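Listed below, chain by chain, are the residues.
Protein chains: 2
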Amino acid sequence: MSSIYKLEDILDIVNAEIANIRFTQKPESLFEPISYILSLGGKRIRPALALMACNLYTDDISKALPIAKAVEVFHNFTLLHDDLMDRADMRRGKQTVHLKWNDNTAILSGDAMLIEAYREICKVDSTYLKSILDLFSKTASEICSGQQYDMEFERRLDVTIPEYLEMIRLKTAVLLGCALKEGAMVAGAPEEDLDNLYEFGINLGLAFQLKDDLLDVYGDTQSFGKKMGGDIVCNKKTYLLINALEDPSVREDLLYWINIVDFNESDKIEAVKNIYNKLKLKERTEHLIRDYYKKSINYLNQLNLETGKKVILQSVAEQLMSRNS
Amino acid sequence: MSSIYKLEDILDIVNAEIANIRFTQKPESLFEPISYILSLGGKRIRPALALMACNLYTDDISKALPIAKAVEVFHNFTLLHDDLMDRADMRRGKQTVHLKWNDNTAILSGDAMLIEAYREICKVDSTYLKSILDLFSKTASEICSGQQYDMEFERRLDVTIPEYLEMIRLKTAVLLGCALKEGAMVAGAPEEDLDNLYEFGINLGLAFQLKDDLLDVYGDTQSFGKKMGGDIVCNKKTYLLINALEDPSVREDLLYWINIVDFNESDKIEAVKNIYNKLKLKERTEHLIRDYYKKSINYLNQLNLETGKKVILQSVAEQLMSRNS
Numbered sequence: 001m002s003s004i005y006k007l008e009d010i011l012d013i014v015n016a017e018i019a020n021i022r023f024t025q026k027p028e029s030l031f032e033p034i035s036y037i038l039s040l041g042g043k044r045i046r047p048a049l050a051l052m053a054c055n056l057y058t059d060d061i062s063k064a065l066p067i068a069k070a071v072e073v074f075h076n077f078t079l080l081h082d083d084l085m086d087r088a089d090m091r092r093g094k095q096t097v098h099l100k101w102n103d104n105t106a107i108l109s110g111d112a113m114l115i116e117a118y119r120e121i122c123k124v125d126s127t128y129l130k131s132i133l134d135l136f137s138k139t140a141s142e143i144c145s146g147q148q149y150d151m152e153f154e155r156r157l158d159v160t161i162p163e164y165l166e167m168i169r170l171k172t173a174v175l176l177g178c179a180l181k182e183g184a185m186v187a188g189a190p191e192e193d194l195d196n197l198y199e200f201g202i203n204l205g206l207a208f209q210l211k212d213d214l215l216d217v218y219g220d221t222q223s224f225g226k227k228m229g230g231d232i233v234c235n236k237k238t239y240l241l242i243n244a245l246e247d248p249s250v251r252e253d254l255l256y257w258i259n260i261v262d263f264n265e266s267d268k269i270e271a272v273k274n275i276y277n278k279l280k281l282k283e284r285t286e287h288l289i290r291d292y293y294k295k296s297i298n299y300l301n302q303l304n305l306e307t308g309k310k311v312i313l314q315s316v317a318e319q320l321m322s323r324n325s
Numbered sequence: 001m002s003s004i005y006k007l008e009d010i011l012d013i014v015n016a017e018i019a020n021i022r023f024t025q026k027p028e029s030l031f032e033p034i035s036y037i038l039s040l041g042g043k044r045i046r047p048a049l050a051l052m053a054c055n056l057y058t059d060d061i062s063k064a065l066p067i068a069k070a071v072e073v074f075h076n077f078t079l080l081h082d083d084l085m086d087r088a089d090m091r092r093g094k095q096t097v098h099l100k101w102n103d104n105t106a107i108l109s110g111d112a113m114l115i116e117a118y119r120e121i122c123k124v125d126s127t128y129l130k131s132i133l134d135l136f137s138k139t140a141s142e143i144c145s146g147q148q149y150d151m152e153f154e155r156r157l158d159v160t161i162p163e164y165l166e167m168i169r170l171k172t173a174v175l176l177g178c179a180l181k182e183g184a185m186v187a188g189a190p191e192e193d194l195d196n197l198y199e200f201g202i203n204l205g206l207a208f209q210l211k212d213d214l215l216d217v218y219g220d221t222q223s224f225g226k227k228m229g230g231d232i233v234c235n236k237k238t239y240l241l242i243n244a245l246e247d248p249s250v251r252e253d254l255l256y257w258i259n260i261v262d263f264n265e266s267d268k269i270e271a272v273k274n275i276y277n278k279l280k281l282k283e284r285t286e287h288l289i290r291d292y293y294k295k296s297i298n299y300l301n302q303l304n305l306e307t308g309k310k311v312i313l314q315s316v317a318e319q320l321m322s323r324n325s
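Protein chains in written order, with the numbering used here: chain A, 1 to 325; chain B, 1 to 325.
Rather than coming from a laboratory, the hints here were simulated on the basis of the structure. Predicted model, so just to flag it, every value in this text is computed and none were measured. Treat the hints with caution; some may be incorrect.
Pairs involving identical chains hold if they fit within one copy or between any two copies, as the list cannot separate such chains.
[To be verified] Straight-line C-alpha distance at most 16 Å; calculated EDC-like pairs for lysine to aspartate or glutamate:
#  : residue 1 : residue 2
1  : LYS123    : ASP134
2  : LYS43     : GLU286
3  : LYS26     : GLU166
4  : LYS63     : ASP267
5  : LYS280    : ASP247
6  : LYS310    : ASP59
7  : LYS6      : ASP125
8  : LYS26     : ASP150
9  : LYS63     : GLU28
10 : LYS26     : GLU152
11 : LYS26     : GLU163
Required output: the full structure, derived from the provided sequences and hints.
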């Protein structure tokens, strides 16, 4: 009889594995920032998904460890470079790398980190190496495209909802799909299941990012790690803002707050939140999140596996949707 | 009878292949800078070495094309990020990417370019994929270390000659060694030859970089692409400057020119060049270049091949040593 790991066991394994990554190369000044950003924690959702997908087809989840580590190292590499590009001061309550060190260190340690992600993923069973690498590189490239779109959206007021959804698919969803699909690949899962797991990840990722957009405005101040209303303050093109901008009845009012230079942050957050309330954007976003969640579960249900095995992935998806932080 | 390509044929193939690289992904704004920097030209020495090493063991040099393209794309990725970190204005007579676009584009297009290098190298015959990737990633990581040392040397006046030689080994030589070794690997060359080709590349690379240091001071103004004396103006820790700093008889005079804030560039270049002349550093550097050149040829001679096949690599090495630009 095969055994399915519980989520807390999976997370224990992931956290131990990430904590055990050592960079012995010189100079230390280049690799220290990599250890630093990896030590800041995070949900570790991507590596957990890789191991859980693997576990659907084998008890030996160690097969997926290179993938788990590679996707987490890669994800943190993108955070390191994104924080630099966005001039962000804080990441998970600590100083960002470019502030703690400097811009050049952030650039070069990030580059070294991307290379480390590749070194890690190359440790998979050689049978699957080529397919694993092809999907990993395709995904990595798509994430760069997503970040480029995200930055370009900053200078635009006419971003459409399909454009936005495509951006978050690239920037967030494809890595979840990749982690799931590759975790199952190294366990020898059938091709059809691989595609369904990938689509499960894509829809979960879209729901996940929309939930992030929602939490910035309607999250629990206590438990949400980031500063509440941060997206509103810096005019970030979220699903809520793009929807509001498309509504003629509030556009003028909204543009006033977008263009205002000298303002009190709480005033702006309250004013924009009032606009969102008026348009019932909380409900609209929650509705779309539920749609993507349901789609993701449909893909999960199509896996050629007994229901018992899928329960853990379903419950993870539920937790991500109902989270307050 | 097997045929050996001439250098000009190899370069024609390399240039055609590089010119044919197309990035069809979106958004174009992310991939345009990659095409731009690849279009600026350069000696294409790394891809040429990969194809020549392959050609030692097979007529079918197409086997090494993924390696040739990957090392050239990777090399240009390092130039893109290095230019940003060094705040360089010009690259091969044209604007650098971060000036033509902006810093964030340089960061993100560079990241996408590094991923493209991996996508390219993954096209090698799957028999060799794992070993090719392991050496490529090791080399890529070493090059980041080399750049980090180079940047750290900027703030130091006590860099030793062994430290300097290790830095240029990492920053420059290992990619030549990697290109040669991997070119031969995909042609099925014996293990012993692979090691000798790698060492040929290392020594050639060290000689190559020392020649660059020399040309900045003693090159032909007409044919040297970069501004003459550029290294002197910005106090770059070259082999010549490090040697001069170690000499008590000129150190005080040299420190005056290193620390001077307001100066005429030609005055500084002439003054520092006079110090180098006094210490006969041109001769000392030429001597070391010849030593590395000879070592490289020794490794070449150890290859288990008829002499006729090695002539092309020997003549390339000679050309790199005797170049004026």
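Structure-based check of each hint:
Proximity of LYS123 to ASP134 under the C-alpha cut-off of 16 Å is found in both arrangements, the shortest distances being 14 Å within a copy and 9 Å between copies. Taking identical chains as interchangeable, the C-alpha atoms of LYS43 and GLU286 are never at most 16 Å apart, the minima being 21 Å within one chain and 57 Å between chains. Proximity of LYS26 and GLU166 under a CA criterion of 16 Å is satisfied inter-copy only: 11 Å between copies versus 40 Å inside one chain copy. Proximity of LYS63 and ASP267 under a CA criterion of 16 Å is satisfied in neither setting, with 52 Å inside one chain copy and 64 Å between copies.
Taking the shortest alpha-carbon separations for LYS280 and ASP247, only the intra-copy value of 12 Å comes in at or below 16 Å, while the best inter-copy value is 76 Å. With identical chains, the CA atoms of LYS310 and ASP59 are at most 16 Å apart within one copy only, with a shortest distance of 14 Å there and 53 Å across copies. In the homo-oligomer, the alpha carbons of LYS6 and ASP125 never lie at most 16 Å apart, since the shortest distance is 25 Å inside one protomer and 40 Å across protomers. For the homomeric pair LYS26 and ASP150, the shortest alpha-carbon distance between copies (13 Å) is at most 16 Å, but the shortest distance inside one copy (34 Å) is not.
When the C-alpha separation of LYS63 and GLU28 is checked against a cutoff of 16 Å, the pair qualifies neither within a copy, at 30 Å, nor between copies, at 37 Å. For the identical chains of this complex, LYS26 and GLU152 are inter-copy neighbours only, at 13 Å across copies versus 36 Å inside a copy, given an alpha-carbon limit of 16 Å. Taking CA atoms no more than 16 Å apart as the test, LYS26 paired with GLU163 passes between copies only; the shortest distance there is 12 Å, against 43 Å inside one copy.
Comparing the model with each earlier hint shows violations of hints 2, 4, 7, 9; every other hint is respected.
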